[in-house]
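Take these sequences, add in the hints, and give me the full structure.
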Amino acid sequence: MSAAADRAVAPPPEAPASAARARRSRRPSTWRRLRRQPLALAALAGLAALIVVGLLAPVLAPFDPNAPDVLHRLQGPTARHWLGTDELGRDTLSRLLYGARTAMLTSFEAVALALVVGVSCGLLVGYLGGWWDRLAMRATDILQSIPSLIFAFAVIAVVGRGTTPTAIAVAVVFAIVFTRITRGLVLREREQQYVDAARVAALRTPRILFREILPNVLGPVIVEAAIMLGAAILLVAMLGFLGLGLGATTVDWGHMLDDARTYQGVQPFLALPPGLAITFAVLLFNFAGDGLRDAISGRAHEARPRRGARRRLRPHPRAAARGTGLAAGGRGEPATAAAGAAADDALLTVAGLRVEFPGEDGDPVEILSGVDFSLRRGETLGLVGESGSGKSMTALALLGLVPAPGRVTAGAARFGGEDLLALSEAELNRRRGARIATIFQDPIAGFSPLHTVGRQLVEPLQTHRGMSERAATQRVVELLELVGVPDAGRRIRDYPHQFSGGMAQRAMIAMALSCEPQLLIADEPTTALDVTVQAQVLDLLHDLSAQFDMSVLLITHDLGVVAEACDRVLVMYAGQIVEEGEVERVLARPRHPYTSALLAATPRNEAGGGRLPTVPGRVPPAWEWPSGCRFHPRCAHARETCRHGVIPFADGVRCARVHELETAASR
Amino acid sequence: MSGEPMSAGALLEVRDLVVAYRLGGGLRLGRARELRAVDGVSLDVAAGAGVGLVGESGAGKTAVGRAILGLVPIAGGSIAFDGRDVTAYGRRVSLAFRRDVQVVFQDPRSSLNPRRTVRATLAQVVDRHRAGKRRGTDARVLELLDMVGLAEHHAERYPGELSGGQRQRVAIARALAPGPRLLVLDEAVSALDVSTQSQILNLLVDLRAQLGLGYLFISHDLAVVRQVAESVVVMRRGRVVEAGPSELLLTRPRQAYTQMLLASAPSPDPSGRDERRARRAALRAPAAEQAA
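In the order they appear, the protein sequences are chains C and Y. Read left to right, the first sequence gives residues 752 to 1418 (the numbering used here). Read left to right, the second sequence gives residues 10 to 301 (the numbering used here).
Derived by calculation from the structure, the hints in this document are not laboratory data. Ideal Cβ placement from N, Cα and C applies to all residues, glycine included. Watch out, some of these pointers could steer you wrong.
Said to hold, decoys possible - Stretches of chain Y that chain C covers, calculated by requiring three or more beta carbons in the stretch to come under 8 Å of a beta carbon on chain C:
hint	stretch
1	19 to 31
2	195 to 205
Said to hold, decoys possible - So the derived list for chain Y, only partly shown, Cβ under 10 Å to chain C, looks like this:
hint	residue
3	Ser51
4	Val110
5	Val112
6	Arg263
7	Gln264
8	Met269
Said to hold, decoys possible - Residues of chain C placed beyond 12 Å of chain Y at every Cβ, according to the derived structure:
hint	residue
9	Tyr1014
10	Ala1097
11	Phe1299
12	Glu1413
Rendered as structure tokens:
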């Protein structure tokens, strides 16, 4: 589902042809996401200012930070000393600026050191694994159980005081953290097949570590480093405050704070400048780090709820007119066979369904361009097409689940006398639970891992049907037995992860059936399953559809699945339905060149050795859909007439040359 | 042991292969529980031959491939390549063997490093296998791209800028880079759309004819296997169920499990579906009785 959405959202509509431009379009997404976070941007700007101040301290400071002036000691802010003076009459502002220099230098030094050591160790133990990994992790466990401050004391006791020893003390503490983080990332990355491929290619281990794995784990590590810089400032200040930090001539904020504490009875203002400086510096690093993390992982951008998708709902007047015109068989595109069949036995009639996503420069990109079909009672209707054809988006639109920022811009979906697309969220929710059920590709993801499968099946029955817990439980066991879950009475106490893929999909079907829906929308329900299990699930759907007089909309990429399970089929290409018909007819005598090509390219259990017929190219992304017939650039039969205008869906097929081709074929 | 070796003096000879995973890690001493993913599998791939390895998920077919490639430790049995014993019980695998046996994985999204260009990915493999000879790397990279049907401008792309089919072509080019004699293709076309799948299958057929490669084609899809493999080994629960020529095995299987696999494979021909449904029901009945 999101594949289509991603494609519609991410790259620019003008579709860069050159590699260089394509590469540039890929990079900025992190920066774009960062730009949307004013707080993180402000923090980054603040940090830059802090670094500049630290570097330019000798130029900016009005006084020598260590020059005593006993006549003006312990003063509050004055015109001469903006932030007052300390117990020796030294200028607080100058000391604050020099303190920034110390804080930056020490923390950058510490974190840089920790990065080098920690990341190397993490890479090594993560990649080697086994005993190396276990020993290293137990060692870090032991080291981490010692409070970091005490640990730093020990290091300083060994190496002495000063900027570099302090940095080393802090670095040792942080290196352990970096080791852990890097190791975790490497363990995940090692599972990626490109690492296996590099091993099979006999690349040397250092090369695999530093050239292959390291660049892929560096992003999160750098983010962590930004946050650690803040922690380093705090730790250095603490050491300074305790008098264990730097030498006497080096100014540091912690030491300033310690002095202020001694004289707080005489001059309470003294504690304010260093205290605020430490607080702000740490906050800046944290905000910047959080912002970077969100920007790199894309969380700030994608974590938007899906509700926004249903904002539309009063369709564009013109689009609505188009939609109704279609359903009524009026002007414009002629009514489709499907919409025409919207007679008494239709359970669901979809007309003129359009979905748009905003493109890169604000121009909307249409990814469903007027989808029309009807689904009869008790019928299994296949919706087949390659990825990017819009088949999953059709299902999501019917369920009111178009991911934001996409929206339904036109169309109607009549289901039992009401328009699904015009219902409110709450009303639609009720329909989804009771009369419309869904099954998705990944059954385990459909269950909450926290509750038993039984509980998740029983609860909808209690809420939607008002059944008692006992009656509901009994019904659930019946249903699970019906869908072929052995020992159902015991298995309802199991958690989803204890179910195999096939069993979980059965449980999902049982859940979908539990409220006896009239309509089941199944999006690639068997794609993740083994062939034998797939056949079982398809056979089961076939039996149940007959038994419950349930209509099924079966979305799949596999014409074999269509042949096994469906009565009728819709073939989709690039956001449009291009062919519709009874399965026997469509698979025996396809009329649209795309259907023929797809069918020819599907491998059969027949003597191999020869070449399979192929379809050149691939489904273009939505912003590159051509005018005229959208399949024409890949079609072997394309003529000039195919390249322009709107190709109408007529008589079950959307092809300008269908009659010519059929006549030619019959000759 | 039911997997009879198919020919003598094969390019790759796997005998009684055992791959076991320890369940549960940690520093616990004593006997760890063991899962035998592969339990005594034997198979041969002759030079230039196509052998399909089929079975359902968990059958151990991927583990066989990984064991041959030295990516998982072997608990028993032997692997010989070109008459030499290459059984890698530990980690080290010789460079010569790496040159001879290469792999194409299922998911081209994960099998290419997202942060390296196609050129960088291919060049480092080319360089590694022609030690000392720095010159000619570029020419070889372009030659590889040409072999898999990609253009010169694809060399500067990152995997994220390529389609699934193009990425899989890059993965094949990388596998060809050392000049191998055997390719392990682990579900190499399973993640692709039908139209792309047929393009890649044709490419594999062409490359084999052109370079005389042997294929160990691991797949769950019998119809796909039939396109590239003359013989098939069927696995279930770590063991070989049945092995033989594709023509025979995929039309008249002897074992009930293979029959079930065949009857379950969806065929884009709706005319016989009621018959197939009935056949599956008939095959399932005794299986259920056995289980009960």
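Inset, instruction - Decide, holds or violated, for the assertion that all CB atoms of chain Y are farther than 12 Å from the CB of Phe1299 (chain C). - result: Correct as stated: the minimum Cβ-Cβ distance to chain Y is 18 Å, above 12 Å.
Inset, instruction - Using Cβ atoms only, decide whether Ser51 (chain Y) comes closer than 10 Å to chain C, and label the hint accordingly. - result: 23 Å, violated
Legend entry - Outcome, coverage of the stretch 195 to 205 of chain Y by chain C - at least 3 residues whose beta-carbon is closer than 8 Å to one in that chain: With 4 residues closer than 8 Å to chain C, the stretch 195 to 205 of chain Y meets the three-residue bar; holds.
Legend entry - Hint check: 10 Å Cβ-Cβ cutoff, Val110 (chain Y) to chain C: 8 Å, holds
Legend entry - Assertion that Tyr1014 (chain C) lies outside the chain Y interface [Cβ separation over 12 Å]: 55 Å, holds
Legend entry - Coverage assertion for the stretch 19 to 31 of chain Y with respect to chain C, Cβ distance below 8 Å, three residues required: violated (count 0)
Inset, instruction - Run the C-beta distances from Glu1413 (chain C) to all of chain Y and say if the shortest one exceeds 12 Å. - result: 21 Å, holds
Inset, instruction - Let me know if the C-beta of Val112 (chain Y) comes in closer than 10 Å to any C-beta of chain C, holds or violated. - result: 5 Å, holds
Inset, instruction - Would you check whether Gln264 (chain Y) satisfies its interface hint, that is, whether its CB is within less than 10 Å of any CB in chain C? - result: 13 Å, violated
Inset, instruction - Classify the label on Ala1097 (chain C) as holds or violated, using whether its beta-carbon is more than 12 Å from each beta-carbon of chain Y. - result: 23 Å, holds
Inset, instruction - Have a go at the Arg263 (chain Y) hint: is there a Cβ in chain C nearer than 10 Å to its own Cβ? - result: 17 Å, violated
Inset, instruction - With a cut-off of 10 Å on the beta carbons, see whether Met269 (chain Y) makes it to chain C. - result: Because about 6 Å separates Met269 (chain Y) from the closest Cβ in chain C, which is inside the 10 Å limit, the hint holds.
Against the hints set out earlier in the document, violations occur for numbers 1, 3, 6 and 7.
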